[in-house]
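Work out the full structure: start from the sequences and follow the hints.
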Amino acid sequence: MMLKRDKKEEEDGGNPFSNLEKSSVLQEARTFNETPINPRKCGHILTKILYLINQGETIGATEATEAFFAMTKLFQSKDTTLRRLVYLGIKEMSKIANDVIIVTSSLMKDMTGKEDQFRGPSIRALCSITDQMMLQSIERYMKQAIVDKVSAVSSAALVSSMHLGRGSQDVTKRWVNEAQEAVNSDNMMVQYHALGLLYHIRKKDKLAVSRMVTKFSKHSLRSPYAYCLLIRIASKLIEEEDAGSESPMFDFIENCLRHKNEMVIYEAAHAIVNMKNTTAKDLTPAVSVLQLFCGSPKPTLRFAAVRTLNKVAMKHPAAVTACNLDLENLITDVNRSIATLAITTLLKTGNESSVDRLMKQISTFMSEISDEFKIVVVQAIRSLCSKFPRKHNVLMTFLASMLRDEGGFDYKRAIVDCIITVIEENPEAKEAGLAHLCEFIEDCEHTVLATRILHLLGREGPRTPSPSKYIRFIYNRVILENAAVRAAAVSALAKFGAHCEELLPSCIVLLERCQLDSDDEVRDRATFYTSILKQQQKSLNSAYILNGLQVSVVGLERAVHNYTLEPSDTPFDLKSVPLATQPMTEQKTVTSRETGDMGVPKSMEKPVASRIDVYAEQLSGVPELANLGPLFRSSQPVELTESETEYVIQCVKHTFSHYVVFQFDCTNTLNDQVLENVTVHMEGGDGFEVMKYVKCASLPYDKPGITYTLIRLPEEPTAVTGTFTCSLKFIVKDCDPNTGEPDDEGYEDEYVLEDVEVTVADHVQRVIKPNFGASWEEVGPENELEDTYALSSMNSLEEAVKNIVLYLGMQPCERSDKVPEGKSSHTLYLAGVFRGGHDALVRAKLALTDDSGVTMQLTVRSSDPNVSEILASAIA
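In UniProt numbering, the protein residues as written are 1 to 876.
No wet-lab data here; the hints were simulated from the structure. Everything numeric in this text was worked out from a predicted model, so none of it was measured. Treat the hints loosely; a few may be bogus.
Unchecked claim - Under the rule of at most 25 Å between Cα atoms (straight-line distance), these lysine-lysine pairs were calculated in the BS3-like manner:
# : residue 1 : residue 2
1 : Lys-391   : Lys-315
2 : Lys-276   : Lys-391
3 : Lys-173   : Lys-276
4 : Lys-143   : Lys-109
This is the structure we're talking about:
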């Protein structure tokens with residue numbers, strides 16, 4: 001019965017080793033000690049041990065050593081299969097067993113013996129257990145093996161030499177002559193491995209590598225594998241030198257496009273396509289070759305060609321247009337991977353007139369491909385929507401039909417993401433997109449997607465011509481869905497009530513019904529929103545419903561905790577909490593049912609820390625900087641030196657209410673010096689006062705250190721910008737490069753750095769205002785300032801928008817940083833919070849003129865008149 005079961009497992013493709021137990025297998029290893037040796041039985045046991053090791057099974061050193069020593073008895077057997085398994089066992093167990101060096105003599109005997117089948121594997125096994133002390137003793141044998149007439153032995157020696165070279169570069173350097181001789185071998189693999197060894201020996205010497213490529217590009221290599229390696233080395237040299245198509249190496253790669261071997265031709269085309277600075281003209285010969293491969297009878301070549309063309313289409317779609325006819329022929333390819341790549345490439349390269357035809361062709365095979373490939377198609381459609389906005393009806397209808405089809409979470413999420421992107425980028429597609437998403441949430445099984453769509457409806461729905469038609473879909477979610485979706489639906493209803501006065505009574509009635517919900521969060525949200533809406537105050541609606549809080553969750557927790565540590569008569573000030581900024585680490589994908597208003601989980605194991613949270617904690621650990629108040633903003637690092645200089649310095653500016661802390665990240669790149677008492681002295685900036693230097697006690701070679709300079713901001717509230725000259729001051733001590741110990745008492749020295757600027761952007765924190773209009777009304781015209789400017793140095797609206805956003809350091813709202821193609825006028829909306837917690841909003845109306853570049857009408861509103869003055873005068 002047992003034999004029959006095993007046989008059935010084999011027929012079903014089952015794994016005969018799936019139920020192995022480590023202890024029983026190691027017990028069986030004692031069979032190795034039996035006499036006479038049973039090669040078949042021992043080989044089966046050894047296979048089990050190798051399987052366990054490669055499956056990640058942890059074997060203790062004692063167990064491994066016992067099994068290893070038992071395995072060495074198998075050297076007595078002459079059975080070829082068993083002996084080769086023994087060599088594999090030595091390689092694997094050498095990492096975990098003790099005293100493996102004992103088999104050295106046996107391996108050296110096999111390495112120099114007459115049995116060719118044993119020599120190659122024994123070389124590999126020997127090199128896996130060889131240490132620095134033993135390497136000298138086997139050097140002579142390795143040199144002989146490299147030039148051995150038997151190709152398997154030569155290849156084994158060459159590959160093993162490459163592995164040895166990682167730890168003993170000095171020894172393998174002496175084997176260059178033998179490697180050179182091996183390159184002339186008639187065997188393809190020997191030639192390939194020999195070229196690889198030569199490259200590894202010389203790779204740190206660019207000139208030597210360059211000469212090697214030049215020599216072998218002229219010398220006709222027999223091995224296509226060697227040619228492929230040479231192409232990769234040449235393309236790496238071109239990239240390091242940033243030479244582009246002007247390099248003689250590029251000519252060699254281009255010549256390889258005419259090689260007789262298909263593998264070499266493809267490698268050359270792939271190398272050209274992946275170079276950074278290639279133009280469409282440089283790509284033409286490579287694209288022509290790939291076009292020929294598209295018609296190849298070999299599926300592997302067709303797949304390689306269409307996959308590479310797909311990559312080219314991302315950067316240079318025009319270069320691939322010539323292949324469109326060949327790609328259309330591949331849409332019906334029997335291999336669905338090839339068909340999918342062909343259609344997605346066509347979507348990137350096709351013209352507007354071909355969109356309808358392509359959509360029909362896609363629909364014929366969408367049901368036949370996996371979700372993974374469907375997602376690729378969806379991503380291609382997303383780029384097509386951006387390219388041809390007038391075709392949004394066709395594309396949106398196709399995406400809606402895909403939403404109705406069967407599919408997993410990732411597939412559905414990709415479609416929803418695509419529709420949302422189209423809605424945000426193309427105002428004309430908004431109503432159609434929202435209608436499709438409303439239909440989808442009627443049958444949506446995924447909580448995360450339902451909550452995200454409800455959040456989108458709450459944001460975009462009230463601003464459509466007929467907002468009332470979305471209320472039914474939202475309220476259905478309150479009746480039919482789980483608690484997380486119901487909570488999101490309540491928030492969406494509140495936004496309709498806050499934005500649309502005619503819908504306010506209806507929304508209040510629906511929210512009052514939600515106060516009877518079984519879930520506490522749904523009830524709490526409904527009660528809170530009802531109370532706010534009944535006040536009928538636009539400022540409250542904007543602050544608590546339409547825009548919400550912009551604080552860091554981690555910072556809020558820390559601030560509240562600190563406030564509760566000591567009794568205080570003053571109320572908690574929300575301005576003491578850092579604003580929300582970009583997280584340092586990406587959040588994990590959420591699949592839990594417990595999600596809130598925006599599809600974000602209500603409860604996570606640990607909130608993700610933002611850059612400002614990390615810096616705030618770091619600065620609070622410095623005693624001299626611990627009492628400066630809450631950290632308002634931290635800038636991106638600015639390089640104050642070239643990367644090749646002896647001292648590499650970066651500066652990060654930390655802005656507080658009344659101070660700026662300059663953090664200097666320092667690295668000493670000289671291995672014969674130690675720097676002590678390192679500070680950065682700053683001068684300049686009218687009204688700015690240097691208060692304190694926090695020195696870095698020691699800066700040894702290649703170990704980063706930090707020094708701080710504390711500066712008080714000017715008393716004058718509108719004086720916020722300045723330029724500082726910086727010099728690095730320190731005591732330098734010469735030291736032994738090997739030990740790092742100083743040789744003398746040192747002397748004072750200084751090193752001049754680049755100037756550091758404090759700009760308007762250093763005093764502004766970006767915040768997202770989902771409803772800019774409501775925020776504009778909330779701040780009001782009390783401190784409004786308006787002026788007109790001629791931006792003569794800017795030649796396009798895109799350039800003007802980019803520079804205004806960069807200089808003011810504010811957040812573009814409602815995608816106003818995207819200028820529609822072909823427009824001569826545009827309005828940019830910016831939102832931020834100025835140092836001190838003052839809301840700031842900017843509306844910049846831009847117009848392109850023929851003679852004076854760009855004209856801008858700038859309107860600034862803020863809760864503080866000084867902030868309005870600073871921002872209004874900043875552009876001037």
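We went through each hint and held it up to the structure:
Between Lys-391 and Lys-315 the CA atoms are separated by roughly 22 Å; this keeps the pair inside 25 Å, and the hint holds. For the suggested pair Lys-276 and Lys-391, the alpha carbons sit about 32 Å apart, so the restraint of at most 25 Å is broken. The hinted pair formed by Lys-173 and Lys-276 fails the criterion: a straight-line CA distance of about 33 Å is larger than 25 Å. Between the alpha carbons of Lys-143 and Lys-109 the distance comes to roughly 16 Å, so the proposed pair stays at or under 25 Å and holds.
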